[in-house]
Each structure stands twice: as structure tokens, then as C-alpha cells.
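Colleague: Below, each chain spelled out in residue letters.
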Amino acid sequence: MTIDCDIHPGVPDIHALLPYMNDFWQESFIARGLDGFDMMSYPLNAPITCRPDWRVKGERPGASLDRMRSQALDTFGIDTAICNPLTGGQVAVSESMGAAICSAVNDWVREHWLDKEPRLRASIVVPAQAPLLAAEEIDRCAGDTRFVQVLMPVACEMMLGRSYYWPIWEAASRHGMPIGIHAGSMHRYAPTSTGWTSHHLHDYVAHSQTFEDQLLSLISNGVFNKFPSLKFVLLESGVTWLPGFIWRAVKTWRGVRAEVPWVNRSPADIIRDNIRLTIQPFDAPDRDAVERIVEQIDADHMLLFASDYPHWQFEGDAIIPPGLSADLQQKMRVDNPLETYSHLKETVQ
Amino acid sequence: MNAPVDMRTQSAGINQGIIDCDIHPYPKAGGLNAYLSERWRRHLAEYGKFNCGPYADRGTYPRFSPNTSRRDAWPPSGGAPGSDVNFIRSQLLDPYNIAYGVLEPLLGGNSSRNLDEAAALCTAMNDWQAHEFVDPEPRLRASILIPTDDPDASIEEIDKRAGDWRFAQIQLGSKTSEPLGRRRYWPIFAAAQANNLSIGLHIGGTQSSAPSAGGWPQFYIEDHHVLVHSMQNQAASMILEGVFDAFPNLKIVLIEGGFAWAPQLAWRLDAHWAKMRDEAPIKRKPSEYMRTNLWFATQPVEEPERPDDLRQVFDWIGWDRMVYSSDYPHWDFDDPHLAFRFQMTEDEKRMLFRDNALDVYTFR
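These protein sequence lines are chains A and B, in that order. Start counting the first sequence at 1; every next residue gets the next number (our numbering). Start counting the second sequence at 1001; every next residue gets the next number (our numbering).
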């Protein structure tokens, strides 16, 4: 059995989402002539957004369920896959417009993917610009246990530890769902602390640092004191950054922990208890580096199998980085996802 | 920081003396005035330094000890830590057998929003370092501070100091108005290469961008760590923009950013450049530039749960890229006897504590 924790159905243009919107938003998008809300983080024709041999001319990456079946689910022997739609609703400046697009995407996913393919599950896409609306959207969707997590981009309007976001964490906790933080940015701030970069490649590489920033924020602001069983899944963050990050976080905490006295456990322990990562991309050059990094992470329960389909992370069938033991592979394909996603545990097996 | 003493290396066995790439000098009260014109003395007295941030006379993130310093670094003569050259000598240079120490002033001179003010401050701080630290104690060497956002004034300052033996490098803050690879900064790289001066990129600089793509952290415990990412991004920017193709002999030292992140950055850049190289058509794999043009000053040394994992990191980066730094007199000072909790060979010690720095810096 294999559970894929990060697969991307191609979200269509606004026109195709209109049937899932109310009269006001249908009229607004049509009368204002608004479309083209695809995210800057994943330009439709950029190499990262679709592996070349999976790309079909004139078709949005990931838009075809048949191709997802043949190129990913069947090819890689995936029994269950969690759809993580990437949509402009997640990054809209308007709270209500963002909420309207996110709600429409959730209903569209249910009808066009979950209802048609029993292997699929999905994340609830929420407008993090509006935490109260996001919590409402979680409550609206969570009764359908095919929705297994809440999905947000890694760079939002404030650091994710801030109490502003706690209504989202509260709603997810109440439904026993983890929060999936995916690569991607609202671009409210420069993509790096040294300003706006010249290359998409640089923005993409810098994302793993934003994941680090957010982990520090969640820990320092006491999110795990308030929600001790809440898990955050880092989706498409890379993996190899984790050991060096933990070393530095622990050292800094030893030095200045009196600033945040509620952080009364080592960040390393909190991270190993509450954080999970998907394995694509892994960002290692060879077997030896993979083996050393896995030893240094020293927490096989943290890793979750993922294809990241149709994003371009690996060639051919090399979906598993070299150097992962059979035991670890079993854990990340089955045990760890089931332990992370309580709704999966209810519906798979 | 919490290293058990019995695990220390015998690094001080380098009998010719070690090289410390990061010592912070501070002025005595009013100590810069002698190096500023009347116009700028008056301006600074009235308006203060015009940096990016919410406070008129302090940084955004409140630090965790007075002057961010060790409690024992306050000179008996009075004044701030790092302001008394005799005390630097007796507390740092003599007991640790330091042959050369590179001064890294952190006084916001190069991050003023007022470019004329920045130029005046940089010139003053350069004169101040040379006269008050290097002249009385030639083991100390100064950094050439430049008003980074004004290339013409920067070149003028570099040209003025390049032949002066008292200056060992050009210093930039790790946070600049734009990523360092962008063309506006290339005249600085050209001048550095032409004068065979390395550029020390010290953590800090302007706050013109948020500390994270996700916004502003709330606490010092976050900001102190997040600052490191400016190093990763400057390295990535310079590599991907082709700075090292244009200036192949340019030497960049990343100071006070630690280093355990470097292998991952190299791997991640390589992995994704392989797919998006047409966007950044540089001549070699990104990791190759890290092995020829970047050096890493070690402080604050990361502390793995298994100390030998740090040796693995040195191996991945390359021993020839590593230079020792103490960060004296700051609270997170790295003692050369205690900071490295794994065994090194004599050759490795020589590279880390002395020889690599001799390759990078201009000690005359």
C-alpha cells in the first residue's frame, strides 16, 4: 500500500469555477472581466510546474484526471493520494474574493476529483487572508472525511505563529486535521530578506528558508502549547535543510529561551512531535548524502511519501531518493501518513 | 556555547597564532565626532542615523544582553565592550594567541537611507578604526565600510583605502536594499577584484525588506536565527546573477551566519538549477561557485546533537572554505578551544584557524 501526500490537480480558470459561486461573485467575475488568478509561485508553463514528459500542449498541468491516473497513480502504485490544489484564492488581497475562490475550488475538487476517483482525498483550501472565514470554510467542508487537511501557502500576511491565525488552528484541531503548509507565497513581502530576486529559480530555492522562519514562529509564539496535538505538514519544502536548522534552533533556544519562557521543551522535541515533511523534493545529490541526512534527522516518523505530481522533481520512476531503507519506505508510504491524517485512518485500511 | 570542556580540541596549538575574522569595535562616547565634519556632527546630533525601522536610536529587535555583549566584556576603564583596545588585547588577542583580528564595525553606517550621511559615516568609521585600533595594535586590521547604495561614493572610499596596509577587506551588511547579485552592485565587485580585496559579508545591514518572505517575526529568538537566511540569499543571488562568471577572482566571506546550511543550499540550488538553468544561464553548477568564491566564518558554530555530524558538514563544504571567527565581545562568542566539539587533525586546525584566512584576506 502507498499513500501519496502531495499531488496537484490543476485548478481551472475562474470561468470553470463560477458554477460553485453565488450570484454576486458570478456577476462580479463576469462583469469585471476578471480571470488569470494563477499563482506567481507556479507559472503554468514553467519547468517546475510540470515535468516535461507529463506536459500536454494546451492543457493545464494536472488538469486531466485520466492523465493523473496513468502518469502517477497507476505508474507509482498509489492507493491513496491527497490532492493539494494551488489556487489564486489563497493569495488574493481581497478577503471575500479569496474566500469565494477557495470555497469554489473545494466544491470543484469534490465533484470533479473525489467523486470520480475513490483513490483521491483532498486538502481544504482556505483563505488565510481571513482567518475567521477560513475557519468557517473548514467547518463547512470537514464533515466530508475525504477532506483530510487544511492547506495554506508558506508565506502569508503575517508570520504563522501570530495569534491572528489561531482561529484556523482551532478549527483544524477541533476536526482532528493537520495544517498543510505548501510552498507558495502571497508575495506581500519580498521573497527574501535581501529584497526581490531576479529569478524564479531563486524564489523557489528560498522557500525552504521561509519554512524555517515559520517553524520558528509557530514554536516561539506558543502554538504548540495552545494546540499540543496539532500537526503541521510541510509540503514541497525540501528535506535536507532540517538537521542544520534544528541544530541552530536548539542552540539559539539554549541561549535566549528566557525571552519565550513558555517554550519549555527543546525545539528539536517539538519539531519531531508536531512537524511532518513530504519527501519531494528531497534536495540531496546522492545516496550518501540522503543516508547521512536521514540519520541526522533521527526521526523516521516525520517523513511522508509524495510524488508532487505533476511538478518536476525527479526523472522517470526515481520517485524514492536513493538510500532510504525498506523499513523507512514502509513507514513513509503507509504508517506515517495514517498516523498524521486522522481522517485517512477512518477511511483507508 | 554549552560545550563540555573535556571534548575540546587543542586548537590553540597553532603556534604561529590564529586569525579571528570577526571582532567588533565600538566607539567611546562621542568617539566618532573627531572624524566627522561640523555639518555631519550637527546633522547626526539633530536627526540621528536615518535607518529603516521603527525606532530613532535603536534596532527593531531588542537584544538579550546589554550591548548584545558578554557580561565580562565591559572594560574596567569604562566605556562599552569593544571600545578599549588595551582590554581587547588582554581579554582576547593575548590569551588566544591571535595573530590577526579583523574588525567588523556594526554601527549602521552603510545602511542609512540618506546616502550622504552614509558616505560621511563610512569615511569617519574607516578613519576611526585605523587611528584608534590598528595604529596602537597592528594585530587588528580594519574593514573598509562603504555606502553600498551609492556605487560612486563606494568606489571612491575603496580607492582611498585600498593601498593602506591597515585595511584587510571591504565590509558589507548581509542585508542590502536589493539582492547583491543585481547589477547596481557590480562596480563594487569590480573594485574589490581589481584591488585584490575580499568582501566580508557580515550579518545585519538594512531592514528595508522584512526579515522573512512571511513577514516580521515577533521575537529576538526568531530574528537572530532568521537573519542567517540573508546569507543564503546573497550567496544564491551572486551565483545565479553570474557575478562570479564576471568576477572569477572575487572572494566573499560570509561572517556570523554559521555554515551548517551551506551543503543544503548547494544541493538545492543544483537540483533545481538542473531544471531551470535556462533562466539563469551561468557557466558552472551553482555548488561549484560555492567551492571557489565563498568562505564561511564559523561563528556561531552550529551544535549538532551528535558532535561528529559537524565534521561531516566541514567535509561537505570543504575544509579550505572555513575560517575561524569569535564575534568578540558579543554574547554568543565562540571560544576557539570550546566551539568545535570534534577532533581535528593538525592540518585541519591549521586550515581553519590560520591558513585559509591568509588566503582570503589582505594582511600586509
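If you're looking for bench data, these hints aren't it; they were derived computationally from the structure. Check the hints yourself; a few may be wrong.
To be verified - As a list, the in silico EDC-like pairs of lysine to aspartate or glutamate whose alpha-carbon atoms are at most 20 Å apart: (1) A:Lys345 <-> A:Asp273; (2) B:Lys1285 <-> A:Glu315; (3) A:Lys251 <-> B:Glu1305; (4) A:Lys116 <-> A:Asp139; (5) A:Lys345 <-> A:Asp335; (6) B:Lys1283 <-> B:Asp1309; (7) A:Lys251 <-> B:Glu1288; (8) B:Lys1160 <-> B:Asp1135; (9) B:Lys1275 <-> A:Asp66; (10) A:Lys331 <-> A:Asp66; (11) B:Lys1275 <-> A:Asp74; (12) B:Lys1285 <-> A:Asp53; (13) B:Lys1275 <-> B:Glu1288; (14) B:Lys1285 <-> B:Asp1315; (15) A:Lys345 <-> A:Asp317; (16) B:Lys1275 <-> A:Asp335; (17) A:Lys251 <-> B:Asp1116; (18) A:Lys251 <-> A:Asp286; (19) A:Lys251 <-> B:Glu1303; (20) A:Lys226 <-> A:Asp269; (21) B:Lys1160 <-> B:Asp1116; (22) B:Lys1028 <-> B:Asp1127; (23) A:Lys251 <-> B:Asp1127; (24) B:Lys1049 <-> B:Glu1137; (25) B:Lys1283 <-> B:Glu1303; (26) A:Lys331 <-> A:Glu315; (27) A:Lys251 <-> B:Asp1332; (28) A:Lys116 <-> A:Asp66; (29) B:Lys1275 <-> A:Glu291.
Unchecked claim - Rough simulated footprint, nothing fancy, chain A against chain B, three-plus residues with beta-carbon under 8 Å: (30) 1069 to 1080; (31) 1160 to 1172; (32) 1235 to 1244.
Beta carbons are placed, not taken as given, at the ideal position from N, Cα and C, and that holds for glycine.
Colleague: With reference to the structure, classify each hint as holding or not holding.
Modeller: Comparing the hints with the structure gives:
{"no.": "1", "hint": "A:Lys345 <-> A:Asp273", "result": "holds, 19 Å"}
{"no.": "2", "hint": "B:Lys1285 <-> A:Glu315", "result": "holds, 19 Å"}
{"no.": "3", "hint": "A:Lys251 <-> B:Glu1305", "result": "holds, 10 Å"}
{"no.": "4", "hint": "A:Lys116 <-> A:Asp139", "result": "violated, 23 Å"}
{"no.": "5", "hint": "A:Lys345 <-> A:Asp335", "result": "holds, 10 Å"}
{"no.": "6", "hint": "B:Lys1283 <-> B:Asp1309", "result": "violated, 32 Å"}
{"no.": "7", "hint": "A:Lys251 <-> B:Glu1288", "result": "violated, 30 Å"}
{"no.": "8", "hint": "B:Lys1160 <-> B:Asp1135", "result": "holds, 17 Å"}
{"no.": "9", "hint": "B:Lys1275 <-> A:Asp66", "result": "violated, 26 Å"}
{"no.": "10", "hint": "A:Lys331 <-> A:Asp66", "result": "violated, 28 Å"}
{"no.": "11", "hint": "B:Lys1275 <-> A:Asp74", "result": "violated, 25 Å"}
{"no.": "12", "hint": "B:Lys1285 <-> A:Asp53", "result": "violated, 24 Å"}
{"no.": "13", "hint": "B:Lys1275 <-> B:Glu1288", "result": "holds, 17 Å"}
{"no.": "14", "hint": "B:Lys1285 <-> B:Asp1315", "result": "holds, 19 Å"}
{"no.": "15", "hint": "A:Lys345 <-> A:Asp317", "result": "violated, 27 Å"}
{"no.": "16", "hint": "B:Lys1275 <-> A:Asp335", "result": "violated, 32 Å"}
{"no.": "17", "hint": "A:Lys251 <-> B:Asp1116", "result": "violated, 40 Å"}
{"no.": "18", "hint": "A:Lys251 <-> A:Asp286", "result": "violated, 29 Å"}
{"no.": "19", "hint": "A:Lys251 <-> B:Glu1303", "result": "holds, 6 Å"}
{"no.": "20", "hint": "A:Lys226 <-> A:Asp269", "result": "holds, 16 Å"}
{"no.": "21", "hint": "B:Lys1160 <-> B:Asp1116", "result": "holds, 17 Å"}
{"no.": "22", "hint": "B:Lys1028 <-> B:Asp1127", "result": "holds, 14 Å"}
{"no.": "23", "hint": "A:Lys251 <-> B:Asp1127", "result": "violated, 37 Å"}
{"no.": "24", "hint": "B:Lys1049 <-> B:Glu1137", "result": "violated, 29 Å"}
{"no.": "25", "hint": "B:Lys1283 <-> B:Glu1303", "result": "violated, 35 Å"}
{"no.": "26", "hint": "A:Lys331 <-> A:Glu315", "result": "violated, 23 Å"}
{"no.": "27", "hint": "A:Lys251 <-> B:Asp1332", "result": "holds, 10 Å"}
{"no.": "28", "hint": "A:Lys116 <-> A:Asp66", "result": "holds, 10 Å"}
{"no.": "29", "hint": "B:Lys1275 <-> A:Glu291", "result": "violated, 24 Å"}
{"no.": "30", "hint": "1069 to 1080", "result": "violated (count 0)"}
{"no.": "31", "hint": "1160 to 1172", "result": "violated (count 0)"}
{"no.": "32", "hint": "1235 to 1244", "result": "holds (count 4)"}
Checked against the numbered hints above, the structure violates hints 4, 6, 7, 9, 10, 11, 12, 15, 16, 17, 18, 23, 24, 25, 26, 29, 30, 31; every other hint is satisfied.
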